[in-house]
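Chains as they are written, first to last, in our numbering: chain A, 525 to 636; chain B, 5 to 116.
To be clear, the hints were calculated from the coordinates, so they are not data collected in a lab. C-beta: ideal position from N, C-alpha, C; glycine also.
Rough simulated footprint, nothing fancy, chain A against chain B, three-plus residues with beta-carbon under 8 Å:
id, stretch
1, 34 to 43
2, 103 to 115
Okay, the calculated bits of chain A under chain B, using three or more residues with CB under 8 Å as the criterion:
id, stretch
3, 569 to 578
4, 625 to 634
Here are the chains, one letter per residue:
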Amino acid sequence: DSGVTQTPKHLITATGQRVTLRCSPRSGDLSVYWYQQSLDQGLQFLIQYYNGEERAKGNILERFSAQQFPDLHSELNLSSLELGDSALYFCASSGGQPAELFFGEGSRLTVL
Amino acid sequence: ILNVEQSPQSLHVQEGDSTNFTCSFPSSNFYALHWYRWETAKSPEALFVMTLNGDEKKKGRISATLNTKEGYSYLYIKGSQPEDSATYLCAFPWGTASKLTFGTGTRLQVTL
Numbered sequence: 525d526s527g528v529t530q531t532p533k534h535l536i537t538a539t540g541q542r543v544t545l546r547c548s549p550r551s552g553d554l555s556v557y558w559y560q561q562s563l564d565q566g567l568q569f570l571i572q573y574y575n576g577e578e579r580a581k582g583n584i585l586e587r588f589s590a591q592q593f594p595d596l597h598s599e600l601n602l603s604s605l606e607l608g609d610s611a612l613y614f615c616a617s618s619g620g621q622p623a624e625l626f627f628g629e630g631s632r633l634t635v636l
Numbered sequence: 005i006l007n008v009e010q011s012p013q014s015l016h017v018q019e020g021d022s023t024n025f026t027c028s029f030p031s032s033n034f035y036a037l038h039w040y041r042w043e044t045a046k047s048p049e050a051l052f053v054m055t056l057n058g059d060e061k062k063k064g065r066i067s068a069t070l071n072t073k074e075g076y077s078y079l080y081i082k083g084s085q086p087e088d089s090a091t092y093l094c095a096f097p098w099g100t101a102s103k104l105t106f107g108t109g110t111r112l113q114v115t116l
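Using the sequences plus the hints, can you model the full thing?
This is the structure we're talking about:
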């Protein structure tokens, strides 16, 4: 158990819909990262937050947004969903840099 | 575009064999190099975070070396066991220390 909690574990929805994925980092970790793993693709960096502020952005679509709240949990919002958004979305947290990342179990999103 | 290249893409060895993989990364503006192990149906788990040229780290039968001047790191597994079967990922911070970019991994299968 990494100490990082992601919900929901599985989510099935339709195209055009909006979903929110939630992540609770390890106790004491201030950094939260979001990654996407699509079929046959590696881990693609989406975005990182540190203590409530956005620190780095990857190839995150404009339809996607994220935030980190004062209690340090983070949410990834995916809107106007398309079939291609079906993927495994991982959240990871770390206590600093260059500290290792601790990954949650992922949220598997299926868009039908 | 950052290139974090890993080779080989996949590897199939027998129990007891020793093996090694390579991770290549840009040698300029080095900050850190991460190695992760990712078992099927699980989440990636950190093996090492390396920061110094010439660094060598070891965890049980797994060890890693780092050459920041030429931009490569080797991961070694001594006496492979079936439980070592996993995808081994390296990751490199790109642009900022926050944007941790993963390679596509080396998939290792160890058979009896």
